[in-house]
Every structure is written in structure tokens, then in C-alpha cells.
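Student: Taken in order, these protein sequences are the chains called X and Z.
Reading the first sequence from the start, the letters are residues 2 to 111 in the working numbering.
Reading the second sequence from the start, the letters are residues 13 to 618 in the working numbering.
Hints were generated in silico from the structure; no laboratory data involved.
Among the hints, erroneous ones may be present.
Stated by the list, open to error - Facing chain Z, according to a computed beta carbon distance under 10 Å, are these residues of chain X, among others:
1. 32
2. 52
3. 56
4. 68
5. 73
6. 77
7. 80
8. 81
9. 86
10. 107
Claimed, not checked - Chain Z is nowhere near these chain X residues, computed Cβ spacing over 10 Å in every case:
11. 20
12. 21
13. 41
14. 97
Claimed, not checked - Result set (PhoX-like, lysine-lysine): computed pairs, CA atoms no more than 25 Å apart in a straight line:
15. Z:487 - X:76
16. Z:487 - Z:397
17. X:29 - Z:546
18. Z:321 - X:28
C-beta atoms are modelled at their ideal positions from N, C-alpha and C, and glycine is treated no differently.
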Amino acid sequence: MCPLNFGYSVSEVKVIDLNQEKPVWLKKIFKLEPSLYRCISCGNCAAICTAGHFTEMKFYRLCLNAFRGQTSELKNNAKACILCGKCQFACPRGVNIRHAIMLITQIQQP
Amino acid sequence: MMHPFTIPFVVGFTMMFIVLIIRYSNWFRGFSIENRKRIANHMFSRKTIQALNEIFKESLLHLKIYKTNPILGYMHMSFAFGWFLLIVGGKLETWYYTGNFVNPPQYAIFFRFFHPVTEATTIHRIFDFYMEFSLLIVLSGLAIAMVKRIRKRVTGIKNTTHHTRANRFALTVLWFIFPLRLLAESATTSIHGGGSYLTKITSTLPFHTTVELPLWWAYSISLGMFFLCLPFSRYLHIPTEMITILLKKWGVKPELKLTTNKGLQAFEIHSCSGCGICLDACPAIGVGNNKFQSVYFINEMRNGKDHYKTTGLCLSCGSCQQSCPVGIKLEPLRIAARENLNSTMQFIHTYLPSKMILWPETTNVILYTGCMGRMNPRTTKSIKKLLAEANIEYIHVDEDENICCGRPMALAGAKEQAEIMISRNRDIIHSYNGKVLVTTCPICFKQFKNSYNLNLPVMHHSMYINQLMEKGKLKRHQSELNFSYHDPCELGRAFNCYDAPREVLKHAGNVIQLSMEKEKSLCCGNNMGTILLKREDRQQITDKTLTVLSKNNPDYIVTSCPVCKNTLSQQSSIPVKDIAEVLTELPGIKQKKEPSASPLPQGKAD
Ligand code: SF4
Ligand code: SF4
Ligand code: SF4
Ligand code: SF4
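The shape of chain X in the complex, shown without the other chains:
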């Protein structure tokens, strides 16, 4: 028997799964740069970003995706950063964005 059809369904990719365990390498990044936990996804960092001006790179998205465990594009996006540091001046939460990006570009994703 097919289940009741409500005429809509929940898309798998949009589910936020808070139970999901972070992969080990991601945990390590959060451990080395705990200020990442402070990010509130305000978007200031992306508004001012040179890399974001030319590419898809948006740090707040990186951060958000990392929290949600959507990590496939993490490293590739981070590679566009030029470490200029403007984002850190704009960040209201004092996230060490440059260090976080340096760590992300160094991860050996399985």
C-alpha cells in the first residue's frame, strides 16, 4: 500500500540532521579553531570578501555547511580565499576566519 499522499514531500538535502556525527577531520578543525562555533551566519564576511566578489566562495556558507555536515564543497570553495583578512574586521563575533580557512584548505578529505 502506498502511503498517504499529501501532495508534497520533504527534500532529503534540506533536512538538518543535528544527530549527525561530524567527520573526524571536521571535528579537528573545530577543535583547532573553536571560534568557529561563534559564527551566527550574519553574512558580513561574505559582503566584503574579494574572493566572494569573483567566485562562489562565501565564508558564512562554508561555516553553515560545516555545521550541517554538508562538506563536499568545503575545501574547493575555501581555496579561493586570498587571506586578506577583511572578513575578520567585519565579523561581529570575532571568528578567526583566516585560520579556519587555512585549516580547511589543508584537510585531507577521504
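Chain X is fixed; fit chain Z with the ligands onto it per the hints.
Tutor: Just chain Z with the ligands now, with coordinates in the frame of chain X:
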């Protein structure tokens, strides 16, 4: 002459030489071909004499430490120079006594034991006097060293270094050497007679004949132990420092890749005396729980320990390098260490726009405001106003979009990656026919100067404004306003540019003298050099800096770096301005309007 009690000394001394030769030849093997050529070319030139002069001044007299802290300087001087006097004196004494120039070292060192009563000629008396005087110098230094360990405040230093076990052992042995020498000589004098003024006094102590030889044994053992420890402790810096001075004078350059036991870097790392002067110089000392100052960093490098934190926390403010009496190039060392640590970082910057130009536009000034300029549109507006006022043609090359100068990337340890930004920016700058490149950011300025190889001169805007004022192209009314000027690290310490901005400010008001300024100025706390320092810690540094700047209630705190300006203004109750803004925005210093002044050109003057 070869009494068995001299054996510990002879063994220790010989071992030291063997170990030193092995270690040094390893480091020497790391020299690149170019460096070897440099050594060969300069070895027999005037450079060597200059180096010897410097060795005398710095390794023996320690003049630089003396200038920073006279008591500490005296302590180092009395040890090194006093010991040197003893060695020279011993040499001369044995030469005079035996008629041979070449004598084994132990003969000179234990001379008093072999010849307690030298014949009472005037020359002998002079020798005795001289030797005891030298010993007294060393002992006085020792007294200060002991007091320093016990009560560091007495010597006027706030922070002393904490040592590893090997170092502490060597230190303890060192402390014993000279008092033992005095005791042994006194015992001999008291039993056999002779001596000069110092032992005349000390030999009145009731020495029994049986203590003489054990005292000499103890003296010999302590010397031997010290020499045995020397190549493995921080005292390795004594011979290494001298060789480093020679190498630097011969023009030897650091090897491209940092290895702690190769090339010039090995010599530099091992010539740190652990004096701790870099601790007091660091703006981050006492902030948070961070022990990353250069002495710790160098120690970790020496001992092959993990140095991720000590390299990454540092702000690259240059203060420790400025004050290091040994002249170790600490900033390049740190950046080279970061290059090793972050070598797996990957970036892709092919997206950065490049510029193709067929007909270069001609202009006077090429204005570059950099990333931080984008966050300080006011400064940019002000400098443009000033250029227009002085009737200078300019083109603002990064008005619409900007590529970072590459220094933050290089500071993070990705020198090669920075090259992409450098070449793109260079193309953009070279695509104009400008007379001078003016930048409002000291970070960019440093990068342009040191890494760009541009075909035109580069000036920081404070220098350029000063030049305009000197030429009379910009005039200001001197007001009653008081300014505190904050020296940005990358402009002040990096380029000794202290006067230009102050001269500019003097045209507009009074510049207040500060307790910490010019080469001693504190970092604003947000230098791009740091990678790991937490925001809270950075804010504390900013607070400390602001305390200095706010003294005497200035009307404005002025700086000439967008990073410093942003950082300071976040936490300051006194308004913070860029030097260009001072000239354009403040009401009290309204420009003197010349009656014949033509209407000012707006924007891109052409
Ligand atoms: S500016 Fe800071 S808090 Fe805001 S999204 Fe970026 S990292 Fe997060
Ligand atoms: S440091 Fe990277 S993420 Fe931050 S503004 Fe610059 S390019 Fe963007
Ligand atoms: S780095 Fe320089 S200032 Fe610091 S302890 Fe070593 S010699 Fe002294
Ligand atoms: S460069 Fe500045 S912040 Fe870094 S250790 Fe030296 S004094 Fe401290």
C-alpha cells in the same frame, strides 16, 4: 704541570671542541652554493675586520643590551668581557713566565696552583693585580645574575625566561666556577703566600692545608662540566653568536627553506642567548595565556618541538626583532617556519582579474588603497581631496575592485601563492605611466617595497603628503589641537618612518610625546601577522595601546594605517583619524585659501 686534577677540565674542554666542530660542520654543509661563494669572496676582506669589531662590541661588551638595560648589560658584559680578560691575561702571564707563546690552556687556567708565589717583580705584581681585577668583574656580574634569578625586578626586567633542565644544570655549574676559582686561589695564597689585593683579603679565612687540592679539583670539575654542557645548552650561543656575526658580515643569506640544523638559520637560532629582552618588548606579554614570544619560539625550534602555536600567535609586529641584542632576524624566521608548517595549504586564484593594456595612460600618482582601504572610504576620499588640492594628477587603480597586495598570504606562509597576486597587481600598476605609486596602507607599502620589483618609486601617503607640504603645495593652519600619533608597525619599525607623519601633524597642531612611541610603539593588536590570536587577546592589546595613546587627553588619536585606525577606533573613547583625514576634515585647521587658487579639479584629474 699535568696534575691529575686538571683532567676534568681537559676532558670537558676537548669534548666541547669535538662536539662544536661536528655540529658546525653539519650546519655549514647546509649552505647553498651562492652562500659558499659569498663566504669565499668576503673572507679575506675588510668585512672580516668589521665583523671582529662587532664581535668585540656585541659578544664581549654587549653594548646593545647595555643600551636597553644597563644593569643587564653590565651582567652580560662582566661575564663575557671579564672572562675574556682572564683568558688574555692567562695567556700573557704564561707566555711571560715560560718564554713560550704556546702553552696548554690548563697551565694558564690553573696558573696560581702551579706558581703560587710569583717572584715579586713589578710585572708579576701587575699580572696578579690584573687577574684578580678581572675575576672581580666576573664575580660582580655573577652577583647580579643571582639577584636577577631571585628577584627579577631588581634588574629592571619584568619577565625572565624559564629554562629547560639542561640549561638550568649548565647555569648552576656556571655559577660555581668563579667562586670556586676564588676559593681555590685563596686557599693556595693562604697556604703558600703570594696573591694580590683580592686573595689577600679572602686568604685570611681559616684554610686548612687539606682543602687546597679538593678546591682545585672542584674548580676543574665545574669548568669541565660547563664546557661539556655548553654545546647542548643555551650557552652554545657564546661561540655561535660570534660565527653568526662573521657570516652575516660576509653577506650570507638565509637558506630558502628553513631547516633548524642547516645554513645561516641554524646559526641564528643557536645564537639566541635567552636573554629575554624580547619578552618585555612584546606587546602581547601578559595578555591571555600565550607564551609565544621569540625566546620560546627559538627554544622550540632548537629542541625540535612543535612550534605551531608560537609561530601562529605572533603578530609580526617586529618589536622583538628591533630589540634583540643579537640581531636575530626573527620575523623571516617565523614566516619561514610557517611556510614549513602550512605547506599543504592549497589555493586557487586563477579567477583574479588580469590586465592587458595597449596604450598606457600617463599620470603623476598611481594611488593604491588596498583591501583595508575599502573598509576606510573616508581615508581614500581624504587623500583624493588632498591630491586634488595640490593639483596632482592621479589614477586610483583599485577603485572598483582590488586584489590583495599578497602580504597577508605571504605572512601566512604561502609565499609562492602570494606571487600570483603580486604579478597581477604589478601588471595593473605597470599598465600606467606613473611617476610614483602612493599607497595608504603600510602593509601594502611593505609588500611593494620588498617583493614587487616595480619600475617606479613607492611612497606611503604620509611620506607623500609630507613631501607636498615641504614643497608648499599643501598648506595648513596650525591649530591648538593636540594629537597622539600611533606608529603602525609596518611603517615605523619596518621602515624607520617616524618623522614624516609627525611633520605633517605639526603643520596642523601639536604632537604629544608618548611614553611608548617610535621604535617602542605598541602594536594596535590587529596586525595581519597573527593567525591564531583570539579576539579577546587582541582586544586586550588594543586596550594597552590605547592607554598609552590616550595619556594627556589628546583631541585626536592619529595614525596612518587603515588597520590600526579601524582597530583603535573600535575601542577608543577619543576619536581616531587617519593622517589624511586630519588635514581634510578637522574644522580648526581649515586650509589657508590662497586668493589666486584655481577651482579644484574633482576626481580623476586629467
Ligand atoms: S561575519 Fe563572522 S559571524 Fe558573520 S557570518 Fe561571517 S564568520 Fe559568521
Ligand atoms: S580573508 Fe578570504 S574570506 Fe576573508 S575577506 Fe579575504 S578573501 Fe574573503
Ligand atoms: S631572541 Fe634575541 S632578545 Fe630574545 S632571548 Fe634571544 S637573544 Fe634575547
Ligand atoms: S613580533 Fe611582536 S608579537 Fe611577535 S613575538 Fe615579537 S614582539 Fe611579540
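Student: Now tell me if each hint is right for this structure.
Tutor: How the hints compare with the structure:
1. 32: 13 Å, violated
2. 52: At 8 Å from the nearest chain Z Cβ, residue 52 (chain X) passes the 10 Å test, so the hint holds.
3. 56: Since the shortest Cβ distance to chain Z is 5 Å, the answer is holds.
4. 68: Residue 68 (chain X) check fails; min Cβ-Cβ to chain Z is 20 Å, beyond 10 Å.
5. 73: Status violated, d = 16 Å.
6. 77: 8 Å, holds
7. 80: 5 Å, holds
8. 81: 6 Å, holds
9. 86: Holds, because the Cβ-Cβ distance from residue 86 (chain X) to chain Z comes to roughly 5 Å (cut-off 10 Å).
10. 107: 5 Å, holds
11. 20: Since the minimum Cβ distance to chain Z is about 30 Å, residue 20 (chain X) lies beyond 10 Å and the statement holds.
12. 21: 26 Å, holds
13. 41: 14 Å, holds
14. 97: Violated: least Cβ distance 7 Å, not greater than 10 Å.
15. Z:487 - X:76: 53 Å, violated
16. Z:487 - Z:397: With a Cα-Cα distance of about 13 Å, the restraint between residue 487 (chain Z) and residue 397 (chain Z) holds, given a limit of 25 Å.
17. X:29 - Z:546: Judged against 25 Å, a Cα distance of about 18 Å means the pair holds.
18. Z:321 - X:28: 19 Å, holds
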